[in-house]
Amino acid sequence: MPNPQLNANGELTHLLAIDGLPRETLLHILDTAASFLGIADREVKKVPLLRGKSVFNLFFENSTRTRTTFEIAAKRLSADVINLDINKSSTAKGETLLDTIDNLCAMHADMFVVRHAASGAPYLIAEHLSRMGHNDIHVVNAGDGRHAHPTQGLLDMYTIRHYKQRFEPLTVAIVGDILHSRVARSDITALIALGAREVRVIGPQTLLPTDLASMGVKVYHDMRVGLRDCDVVIMLRLQNERMDGALLPSAGEYFKHYGLTPEKLALAKPDAIVMHPGPMNRGVEIDSAVADGTQAVILNQVTFGIAVRMAVMSILAGN
Amino acid sequence: MPNPQLNANGELTHLLAIDGLPRETLLHILDTAASFLGIADREVKKVPLLRGKSVFNLFFENSTRTRTTFEIAAKRLSADVINLDINKSSTAKGETLLDTIDNLCAMHADMFVVRHAASGAPYLIAEHLSRMGHNDIHVVNAGDGRHAHPTQGLLDMYTIRHYKQRFEPLTVAIVGDILHSRVARSDITALIALGAREVRVIGPQTLLPTDLASMGVKVYHDMRVGLRDCDVVIMLRLQNERMDGALLPSAGEYFKHYGLTPEKLALAKPDAIVMHPGPMNRGVEIDSAVADGTQAVILNQVTFGIAVRMAVMSILAGN
Amino acid sequence: MPNPQLNANGELTHLLAIDGLPRETLLHILDTAASFLGIADREVKKVPLLRGKSVFNLFFENSTRTRTTFEIAAKRLSADVINLDINKSSTAKGETLLDTIDNLCAMHADMFVVRHAASGAPYLIAEHLSRMGHNDIHVVNAGDGRHAHPTQGLLDMYTIRHYKQRFEPLTVAIVGDILHSRVARSDITALIALGAREVRVIGPQTLLPTDLASMGVKVYHDMRVGLRDCDVVIMLRLQNERMDGALLPSAGEYFKHYGLTPEKLALAKPDAIVMHPGPMNRGVEIDSAVADGTQAVILNQVTFGIAVRMAVMSILAGN
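Residue numbers (the working numbering), protein chains in the order written: chain A, 1 to 319; chain B, 1 to 319; chain C, 1 to 319.
What the hints contain is simulated information worked out from the structure, not anything from laboratory work.
The reader is advised that the hints may include incorrect statements.
Said to hold, decoys possible - Beyond 12 Å from chain A on every Cβ pair, some chain B residues (computed):
1) Asn7
2) Leu27
3) Leu194
4) Ala213
5) Arg224
6) Arg228
7) Glu253
As the list claims (entries may be wrong) - A few chain B residues facing chain A, derived, Cβ under 8 Å:
8) Lys46
9) Thr68
10) Thr303
The structure presented is a predicted model; accordingly, all values stated were derived computationally and were not measured.
In this text, a Cβ means the ideal position worked out from N, Cα and C, and glycines have one as well.
Let the hints inform the model, and build the full structure from the sequences given.
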């Protein structure tokens, strides 16, 4: 099966997941992002690359935060941005997802940024566009179910490269609720593709998927062992709903075992960086002393995230 | 009573309904829309005709779909668009509708796109603007109660003209819930004004208004008779709430009698086109084989709709 | 304690309250607003002063009306405007207010327009920005609790100066629910700073704060006495929730004593102007004959409000 993200020339036509993207494509996105980073420091933070293009933010699942990052990125590229809160829209009137897409295509959409609770929804849309011959309309996955969140994965890679230059010598630990995390899945795939020496996941048995070994990832249940000599520590957000369920005893108990404190962080390399996709639960998965400490690069991730999303959108629009 | 839609020079100053608009005005809108159609295929899909103008989408009734078409049209004309979900706004604080309008006029609004559950609300606003001397502020009716939806009527006319060139030889059938449909009302008025040879409505007794004969429209209850030799078939959306009530036995029963299937469509002329204002209820008023078939021009209606709305807005702003 | 609104050079860096702003700063804002007033009459109502800047409307408390005025002002300055309805956003996910702010700073925000139910929230944000070294990011208070609503205060001053030229000879009465009104507080402070001869407040005992005498304000419970010989009458909106509570007997009783009727207005000077921040409760605090009468300048306040907000934003962005 050909990769639906690449066109016949091997150029990126949709961004659906990190999986299956060639290493060069990933690096091309990171390099392009680097060129956009300076724009935010200019007096006029805009470039006309997407002028006159219509970017639709299709958020079937509410996420003001992620929507905002894409909205800013698109506006700084001079696109016209239309936010659609689809829960309130036609699908509520019984229209199917693909009828909605067909309608927006007929309005001459150029790009769909899609967030959906169902894994695979952006694929479904991309396949439908291809079937309908809309090869000039592009899909960006802004998070689908537990499956993928590729721009978060890319901005994490950008952040790591920014601070560590090369992936090859790195040991990277991802800590927390791997099972429900699309961020973890995207990060693991990207780290392996970019040649990181060792990828570790750390978490309680109940929050780890069972297929990790086959991905070439080392599994740890004891955070004090797993963090040892790491270069990069990626903390995951603990969804509140996990704590109410049967998966975890309590937030306090979780923090004791898997919360990142200065004492636990000291087990990693002295120059290790600490990352988090946000929003943080302070005192649950991360101690404020770490979140606000000198090793945290969490806010820089946000800054890089805008540049990465501008890069993805401009690369897609260029093809 | 002078037509509140036309100024002293006979120029369009508001678009409230098709009723009372001279044939030349309708044709001028369609011709202007044709000139906008090409813009969507350009690299930069924008023209500066409404640059610096403030267009307010005043949606007293929620309709993401219609609001989006006006938002895109206004942005492609380079207007500043401000979406106001009025349910949440000042009217909830006890301010009257006209106080809200006065306030927005004081902010130097240039155009109001109004959607309201009450028939006549856009007229009320237009009359108020005239009384207050705001002759440079324009109202576009984006659907008021059961009364009118003139831009839908115009885009339907654009679609028919695009495929059939002339209205004079045409037999057009409108099928379904005529009684509750502002689209049907706008279409019938436009078709008569533009000289269509024969306008037919087809539907169950309970969903047809009683004043149709006086409008010069032929009434059919048997779809197989009514579709015979038609050039154009306009299907209407069946509101879900109708099916729960006493007006209709069931969706299945409705589909059997008034759903457009390939077999029923075969009774119309071989080159008949099938239209629908969307969103479609597949399997209720229209079979998927027809909706996705070669005679359907439903998505083209959407494309033409953007051009028609751009035309209306630019004509209004030019007066 | 230095004034957090002014930088080391005494230039305006945030607009949090009228309190503590030098008279020259207030006059500079009013003069700048005057220069923006003409823009609304131009064919293209835009200036490029904030082009490429990202203005975030952070509304922790819903107010479509106020949000719209800032959105229009920012768009007419050519800024990119991002509306964040924060109730739905990350703070709902347990993120703290300041983490949200940090994130938006990391996205290279240029300005936050903040509305919050808690008094002092905009101060908290401004102090945090200063602590984090973000001296190029500006805060505008769009209403915080019962504390302040400085742009409303400024537009009221603009209105008074427009009609009366000088503050020194004026007697100004503010009528109604002073206790819960951030508008009253901002107006009183501004009037005193600008040298109005006499500031009066008129209202029932239960709706007046106890510290008014110390502010140099004259207190009246009898509207017929308090209005005598006034040059300016500022009516306040009576929140519906006050009428349900123990503070007031009924809306009818309130109107009898404190509603502005033509008969009561006749006690003020013949050329007195009548102001109201909107939205009005006709028949509660103001009679329609007054609201729509020749002495009312209520809609002009709205027009001036856009110019004042453009002035504030452009002054902040210029520092």
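Checklist entry - Does the claim that Arg224 of chain B lies outside the interface with chain A hold up, using a Cβ gap greater than 12 Å? => result holds, 26 Å
Checklist entry - Is Asn7 of chain B truly not at the interface, in the sense that its beta carbon sits beyond 12 Å from all beta carbons of chain A? => result At roughly 31 Å from the nearest Cβ of chain A, Asn7 of chain B sits farther out than 12 Å, so the non-interface label holds.
Checklist entry - Are Thr68 of chain B and chain A close enough, Cβ to Cβ, to be under 8 Å, as the hint says? => result holds, 6 Å
Item to check | Restraint check, 8 Å cut-off on beta carbons, for Thr303 of chain B near chain A | outcome: holds, 5 Å
Checklist entry - Since Glu253 of chain B was said not to touch the interface, does its Cβ keep a gap of more than 12 Å from each Cβ of chain A? => result holds, 18 Å
Checklist entry - Since Leu194 of chain B was said not to touch the interface, does its Cβ keep a gap of more than 12 Å from each Cβ of chain A? => result holds, 24 Å
Item to check | Non-interface claim for Leu27 of chain B versus chain A (Cβ beyond 12 Å) | outcome: Non-interface label stands for Leu27 of chain B: nearest chain A Cβ at 24 Å, farther than 12 Å.
Next on the checklist: Please verify that the nearest CB of chain A lies beyond 12 Å from Ala213 of chain B's CB.
Outcome noted: Since the minimum Cβ distance to chain A is about 32 Å, Ala213 of chain B lies beyond 12 Å and the statement holds.
Item to check | Interface hint for Lys46 of chain B, Cβ within 8 Å of any Cβ on chain A | outcome: holds, 4 Å
Item to check | Beyond 12 Å from each Cβ of chain A, as asserted for Arg228 of chain B | outcome: Non-interface label on Arg228 of chain B holds, nearest chain A Cβ at 29 Å vs cutoff 12 Å.
Violated hints: none; the structure is consistent with every hint.
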